[in-house]
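Novice: Sequence:
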Amino acid sequence: MTTKQVIIAFLVLYLILMGVGGAMYYFIVNAPKPQAQAKTQTVEANKNAKGAKTEVKETDKKTLDTETLKKQKEEEERKARELEEKKRKEEKERIEKLKASIEAKMKVVERGGATYYTGNRGKELSGVHLRPFIVENNGAVFLKHDIYYYSALDDPNYGWIHGSHLDVTADGQTFSYELDVTKRRDKLGKGAEDLTEHYVADADKNVEDMLRAVGGATSVTLRYYGGSDIVSNLSREDIRRIYDMMTLYDILKKEANGDL
Numbered sequence: 001m002t003t004k005q006v007i008i009a010f011l012v013l014y015l016i017l018m019g020v021g022g023a024m025y026y027f028i029v030n031a032p033k034p035q036a037q038a039k040t041q042t043v044e045a046n047k048n049a050k051g052a053k054t055e056v057k058e059t060d061k062k063t064l065d066t067e068t069l070k071k072q073k074e075e076e077e078r079k080a081r082e083l084e085e086k087k088r089k090e091e092k093e094r095i096e097k098l099k100a101s102i103e104a105k106m107k108v109v110e111r112g113g114a115t116y117y118t119g120n121r122g123k124e125l126s127g128v129h130l131r132p133f134i135v136e137n138n139g140a141v142f143l144k145h146d147i148y149y150y151s152a153l154d155d156p157n158y159g160w161i162h163g164s165h166l167d168v169t170a171d172g173q174t175f176s177y178e179l180d181v182t183k184r185r186d187k188l189g190k191g192a193e194d195l196t197e198h199y200v201a202d203a204d205k206n207v208e209d210m211l212r213a214v215g216g217a218t219s220v221t222l223r224y225y226g227g228s229d230i231v232s233n234l235s236r237e238d239i240r241r242i243y244d245m246m247t248l249y250d251i252l253k254k255e256a257n258g259d260l
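Counting from 1, one number per residue, gives the positions in the sequence shown under the numbering used here.
Think of the hints as simulated: they come from the structure by calculation, not from any bench. Since the model is a prediction, treat every value here as computed from it, not as a measurement. Certain hints may be false.
[Stated by the list, open to error] In silico DSS-like cross-links for lysine-lysine, where the CA-CA straight-line distance does not exceed 27 angstroms:
id: 1; residue 1: 105; residue 2: 205
id: 2; residue 1: 107; residue 2: 254
id: 3; residue 1: 123; residue 2: 144
id: 4; residue 1: 107; residue 2: 183
id: 5; residue 1: 70; residue 2: 144
id: 6; residue 1: 97; residue 2: 253
id: 7; residue 1: 86; residue 2: 253
id: 8; residue 1: 87; residue 2: 99
id: 9; residue 1: 254; residue 2: 99
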């Protein structure tokens with residue numbers, strides 16, 4: 001083989017080796033890396049798993065929060081009901097004690113199936129008196145307007161009034177009423193030692209308002225007039241009796257209506 005042929009053969013071999021080497025380098029550089037792919041897939045899988053766990057935890061947390069809030073609300077409502085029931089019982093006990101104390105100061109009479117609550121009064125002094133009373137019958141409660149005029153023989157102003165009007169002034173506020181004289185009962189005592197005029201009627205809203213004003217007043221003046229006239233002042237005891245009567249009336253009405 002000549003020197004020229006040897007050189008050519010060497011060059012061909014060199015080119016072949018260079019091609020093979022380049023191919024191997026390309027393959028090594030660009031070939032997929034199984035471990036890296038596996039690691040990447042594992043990381044992604046872990047992220048997905050953590051995301052799924054986080055979602056489950058969030059869902060569980062929301063469920064727990066909802067249940068906790070529901071239980072808290074139920075507990076608050078239960079405590080509110082218990083407190084309301086306690087207040088109701090305490091108020092009922094207070095009213096029952098108040099009712100008993102008022103009734104103890106009154107004259108309570110059973111007559112004809114009805115109960116009458118009147119002031120526990122002694123013999124009236126000369127003058128005009130305001131004496132409301134209560135009638136309780138078959139679950140119904142009635143307030144009565146009672147005007148009573150009394151005149152003793154030894155009274156300098158002894159005589160009939162034949163009253164047809166009444167003015168009541170409580171702490172400066174005046175209530176005026178025209179009376180139905182057909183409901184007035186006049187009576188002359190034995191031996192003319194005294195005389196009375198007695199008027200009783202159902203108390204309407206205006207009379208109720210007047211009696212409440214009287215019960216809360218410090219000064220009350222009555223003017224009873226018709227053929228003649230007379231002016232009287234209610235005592236503190238008279239005012240207290242009227243206050244008690246109106247308080248008892250409100251209690252009995254609530255009991256009758258099922259509000260207690």
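Novice: It remains to establish, for every hint, whether it holds in the given structure.
Specialist: Going through the hints against the structure:
{"no.": "1", "hint": "105 to 205", "in the structure": "26 angstroms, holds"}
{"no.": "2", "hint": "107 to 254", "in the structure": "21 angstroms, holds"}
{"no.": "3", "hint": "123 to 144", "in the structure": "20 angstroms, holds"}
{"no.": "4", "hint": "107 to 183", "in the structure": "24 angstroms, holds"}
{"no.": "5", "hint": "70 to 144", "in the structure": "54 angstroms, violated"}
{"no.": "6", "hint": "97 to 253", "in the structure": "16 angstroms, holds"}
{"no.": "7", "hint": "86 to 253", "in the structure": "23 angstroms, holds"}
{"no.": "8", "hint": "87 to 99", "in the structure": "18 angstroms, holds"}
{"no.": "9", "hint": "254 to 99", "in the structure": "12 angstroms, holds"}
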